[in-house]
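Top to bottom, those sequences are chains R and W. Going by our numbering, the first residue of the first sequence is number 23, and it counts up by one from there. Going by our numbering, the first residue of the second sequence is number 11, and it counts up by one from there.
Incorrect hints may appear among the rest.
Stated by the list, open to error - DSS-like mimics (lysine-lysine), calculated; alpha carbons at most 30 Å apart, straight line:
1) W/K12 / W/K52
2) W/K55 / W/K12
3) W/K89 / W/K52
4) W/K52 / R/K35
5) W/K89 / W/K55
6) R/K35 / W/K55
Claimed, not checked - Sample of chain R residues lacking proximity to chain W, with all beta carbon distances greater than 10 Å (derived):
7) L33
8) L110
9) S116
10) Q126
Stated by the list, open to error - Below, a sample of chain R positions facing chain W; criterion: calculated Cβ distance under 7 Å:
11) E74
12) A109
13) L112
14) P130
No lab work stands behind these hints, which were simulated from the structure alone. Beta carbons are placed, not taken as given, at the ideal position from N, Cα and C, and that holds for glycine.
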Amino acid sequence: ETGVTQSPTHLIKTRGQQVTLRCSSQSGHNTVSWYQQALGQGPQFIFQYYREEENGRGNFPPRFSGLQFPNYSSELNVNALELDDSALYLCASSLARGLAAYEQYFGPGTRLTVT
Amino acid sequence: RKEVEQDPGPFNVPEGATVAFNCTYSNSASQSFFWYRQDCRKEPKLLMSVYSSGNEDGRFTAQLNRASQYISLLIRDSKLSDSATYLCVVNRGYGGATNKLIFGTGTLLAVQP
Chain R
23 ETGVTQSPTH LIKTRGQQVT LRCSSQSGHN TVSWYQQALG QGPQFIFQYY REEENGRGNF
83 PPRFSGLQFP NYSSELNVNA LELDDSALYL CASSLARGLA AYEQYFGPGT RLTVT
Chain W
11 RKEVEQDPGP FNVPEGATVA FNCTYSNSAS QSFFWYRQDC RKEPKLLMSV YSSGNEDGRF
71 TAQLNRASQY ISLLIRDSKL SDSATYLCVV NRGYGGATNK LIFGTGTLLA VQP
């Protein structure tokens, strides 16, 4: 196993609600990336956090936001949920040193269903 | 056009067969390359990184051709346990610590007994 954990495992929300997903990175890793995977698609990059700051963002609206904490764990927040937000949300941790970035290891994901 | 393109399959092969997956990427600034494996309703798991010189890990061989922007994965002596979706992944870093993984849609492999 990768040592990356996510909570909760499954979540059902109603359109318009807000949700917070959590991720604990692998020991020794300092960077967390979040991805959204819709059914039948590859994961899509949402954003990455390094040193508690957003460090790169994909094509997602501002209602997707995040945080990274001093222990390198991270949260993904989604406001004003839409039906299309139903997906598997994956967190990946990696180690970045200077200009070098290393392989990313994924947690088991949170499956979000918006009704 | 998608930035990373793969044949979606499915590839149905008998046990013991050799199977090859191909992938092309469009952004020449891409910095590093990977194959991930994803089982149904599970997270992607890193199978191997791909280097310009080519690399091998047991039954798995990966190749990268930067000039053609082409990546391949060869699986020899397929096992039933190899059945999964294989994701071609490109790291399009922005520089510094940012590394943004761009995934293909995946190729489904079903190894038949």
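Tested hints:
no. : hint          : verdict
1   : W/K12 / W/K52 : 24 Å, holds
2   : W/K55 / W/K12 : 22 Å, holds
3   : W/K89 / W/K52 : 19 Å, holds
4   : W/K52 / R/K35 : 21 Å, holds
5   : W/K89 / W/K55 : 18 Å, holds
6   : R/K35 / W/K55 : 28 Å, holds
7   : L33           : 15 Å, holds
8   : L110          : 8 Å, violated
9   : S116          : 7 Å, violated
10  : Q126          : 6 Å, violated
11  : E74           : 12 Å, violated
12  : A109          : 12 Å, violated
13  : L112          : 6 Å, holds
14  : P130          : 5 Å, holds
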